[in-house]
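S.K.: Sequence:
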Amino acid sequence: MLWDNLIADFAGLEAYGESLSSAVNAEYARMDVVLNDGDEVAFLPPVSGGQGAT
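The sequence shown begins at -19 in our numbering and counts up by one.
Calculated from the structure, these hints are not laboratory results.
For every residue, glycine included, the Cβ atom is placed at its ideal position computed from N, Cα and C.
Please note that the accuracy of each hint is not assured.
[Stated by the list, open to error] Estimated spans, in silico, between C-beta atoms of each pair:
no., residue 1, residue 2, range
1, 8, 29, 37 to 47 Å
2, 12, -8, 13 to 23 Å
3, -12, 29, 33 to 43 Å
4, -1, 31, 33 to 43 Å
5, -10, 19, 18 to 28 Å
6, 31, -11, 34 to 44 Å
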């Protein structure tokens, strides 16, 4: 699985697993998705709202 393989090679990434979203082939996907050859993977950082009206 993608995430397991990444943290095996880059242990420091494990701390970010709960806050990242992932996408495979431009579709949101779970971190435990099984990939196929040629799949495109993207990691999306957390997004928060802007400042409220003042």
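S.K.: Now tell me if each hint is right for this structure.
M.R.: Tested hints:
At roughly 19 Å, the beta-carbon separation of residue 8 and residue 29 lies outside the given 37 to 47 Å, and the hint is violated. Checked against the hint of 13 to 23 Å, the pair residue 12 and residue -8 passes, with Cβ atoms roughly 20 Å apart. Judged by the Cβ atoms, the range 33 to 43 Å given for residue -12 and residue 29 holds: they are separated by roughly 35 Å. At roughly 21 Å, the beta carbons of residue -1 and residue 31 sit outside the given window of 33 to 43 Å.
As the Cβ distance of residue -10 to residue 19 is approximately 19 Å, the hint placing it in 18 to 28 Å holds. The beta-carbon spacing between residue 31 and residue -11, approximately 38 Å, falls within the hinted interval of 34 to 44 Å.
Against the hints set out earlier in the document, violations occur for numbers 1 and 4.
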